[in-house]
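Letter 1 of the sequence shown, counting from 1, is numbered 102 in our numbering, and no numbers are missing.
Note that these hints are calculated values from the structure, not bench results. We put the beta carbon where it would ideally sit given N, CA and C, even for glycine. Warning: the hint list may mix true and false statements.
Pair by pair, the computed Cβ-Cβ distance ranges are [as the list claims (entries may be wrong)]:
no.	residue 1	residue 2	range
1	THR209	ALA175	13 to 23 Å
2	GLU199	GLY234	47 to 57 Å
3	GLN211	ARG168	46 to 56 Å
4	LEU151	SER124	30 to 40 Å
5	THR218	ALA145	12 to 22 Å
6	SER173	THR209	28 to 38 Å
7	GLU176	ASP150	18 to 28 Å
8	LEU151	LEU233	41 to 51 Å
9	GLY234	PRO202	46 to 56 Å
10	GLU199	ALA222	29 to 39 Å
Heads up, simulated SDA-like pairs for lysine to any residue below, C-alpha to C-alpha not over 20 Å straight-line [claimed, not checked]:
no.	residue 1	residue 2
11	LYS194	ASP215
12	LYS194	ARG206
13	LYS194	ASN183
14	LYS194	SER210
15	LYS194	GLY181
16	LYS194	ARG172
17	LYS194	PRO121
18	LYS194	ALA167
19	LYS194	ARG224
20	LYS194	THR218
21	LYS194	LEU149
22	LYS194	GLY207
23	LYS194	ALA178
24	LYS194	ALA166
25	LYS194	SER154
26	LYS194	ALA208
27	LYS194	ASP170
28	LYS194	LEU230
29	LYS194	VAL223
30	LYS194	ALA222
31	LYS194	SER173
32	LYS194	VAL221
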Amino acid sequence: MTSAGFDDTGLLAPGWAGSPAASATGDAAFLQALLDAEAALTRAQSALDLAPSEAAAAVTEAADAARFDVRSLAERARAGGNPVIPLVADLTKAVGEEHGPYVHRGATSQDIMDTATMLVAVRTLDLVLADLGR
């Protein structure tokens, strides 16, 4: 099952279950933010001639949450305490041997977690503000 087939139900956050903000902060959205952070890192390194442009393009193309199994990532995250470790393994595999060395290069898992959390916050802010205005 891919992330496209997995939905948060709002069991732990019933106050906003079914709202646009719930979708924007769910597992699939957070996974996409993690992938967006990884892709942005590789693109930034490419802009500084620290990674080939082909690697940046490959990582960016592969960084689609629908291509990854969010349940599997969550289960495998237990071993390292965060989902970035198994995600990096899956993303590295997705881009192949040639571009794999440029995935997550120079970053810590916490760097990616922090960046993804801020991406989710920014992407959700207008939705939350609109909901508050109701």
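Going down the list of hints, with the structure as the test:
1. Checked against the hint of 13 to 23 Å, the C-beta distance between THR209 and ALA175 comes to roughly 20 Å, which is consistent with it.
2. Range check, GLU199 to GLY234: Cβ separation about 49 Å, and the 47 to 57 Å hint holds.
3. In this structure, GLN211 and ARG168 break the distance hint of 46 to 56 Å, their C-beta atoms being roughly 24 Å apart.
4. In this structure the hint that LEU151 and SER124 lie 30 to 40 Å apart at CB holds, the actual value being about 35 Å.
5. Look at THR218 against ALA145: about 18 Å separates their beta carbons, and that is inside 12 to 22 Å.
6. Separation of SER173 from THR209 is about 22 Å and departs from the stated range, judged on CB atoms against 28 to 38 Å.
7. A C-beta distance of roughly 38 Å is found between GLU176 and ASP150, which places it outside the suggested range of 18 to 28 Å.
8. Between LEU151 and LEU233 the CB atoms are about 42 Å apart, so this pair conforms to the stated range of 41 to 51 Å.
9. GLY234 and PRO202 have their C-beta atoms about 47 Å apart, which keeps the hinted 46 to 56 Å range intact.
10. Evaluation of the 29 to 39 Å hint for GLU199 and ALA222 yields a pass: the beta carbon distance comes to about 34 Å.
11. Our distance criterion of 20 Å between C-alpha atoms is broken by LYS194 and ASP215, whose separation comes to about 23 Å.
12. For the hint linking LYS194 to ARG206, the alpha-carbon distance of about 15 Å falls within 20 Å, and the restraint holds.
13. Of the pairs offered as hints, the one joining LYS194 and ASN183 holds, with about 19 Å between alpha carbons and a cut-off of 20 Å not exceeded.
14. Distance check on the hinted pair: LYS194 and SER210 sit about 17 Å apart at the alpha-carbon level, within 20 Å; holds.
15. Restraint check for LYS194 and GLY181: the C-alpha separation of about 19 Å stays at or below 20 Å, so the hint holds.
16. Distance check on the hinted pair: LYS194 and ARG172 sit about 18 Å apart at the alpha-carbon level, within 20 Å; holds.
17. About 33 Å separates the Cα atoms of LYS194 and PRO121, which puts this hinted pair outside 20 Å; it is violated.
18. At roughly 15 Å between alpha-carbon atoms, LYS194 and ALA167 fall within 20 Å of each other, so this suggested pair holds.
19. Using a Cα cut-off of 20 Å, the hinted pair LYS194 and ARG224 is violated, with the two alpha carbons roughly 28 Å apart.
20. About 24 Å separates the Cα atoms of LYS194 and THR218, which puts this hinted pair outside 20 Å; it is violated.
21. The suggested pairing of LYS194 with LEU149 is violated, with an alpha-carbon distance near 24 Å, which exceeds 20 Å.
22. A hinted pair counts as satisfied when its Cα atoms are at most 20 Å apart, and LYS194 with GLY207 qualifies at roughly 18 Å.
23. Proposed proximity of LYS194 and ALA178 is supported: the alpha carbons are some 17 Å apart, at most 20 Å.
24. For the hint pairing LYS194 with ALA166, the CA-to-CA distance comes to about 14 Å; that is within 20 Å, so the pair holds.
25. Taking the CA atoms of LYS194 and SER154, the gap is near 18 Å; set against the 20 Å cutoff, the hint holds.
26. Only pairs whose Cα atoms come within 20 Å are accepted, and LYS194 paired with ALA208 is accepted, the gap being roughly 18 Å.
27. Between the alpha carbons of LYS194 and ASP170 the distance comes to roughly 13 Å, so the proposed pair stays at or under 20 Å and holds.
28. A threshold of 20 Å between alpha carbons decides the hint, and for LYS194 with LEU230 the separation of about 39 Å lies outside it, so the pair is violated.
29. The straight-line distance between the Cα atoms of LYS194 and VAL223 is roughly 29 Å, outside the 20 Å bound, and the hint therefore fails.
30. Taken as a hint, the LYS194 and ALA222 pair is broken in the structure, with Cα atoms around 29 Å apart against an allowance of 20 Å.
31. A C-alpha spacing of about 15 Å is found between LYS194 and SER173, which places the hinted pair at or below 20 Å, so the restraint holds.
32. Distance hint between LYS194 and VAL221 is unfulfilled; the C-alpha atoms sit about 25 Å from each other, more than 20 Å.
This entry does not satisfy hints 3, 6, 7, 11, 17, 19, 20, 21, 28, 29, 30, 32, going by the numbered hints stated previously.
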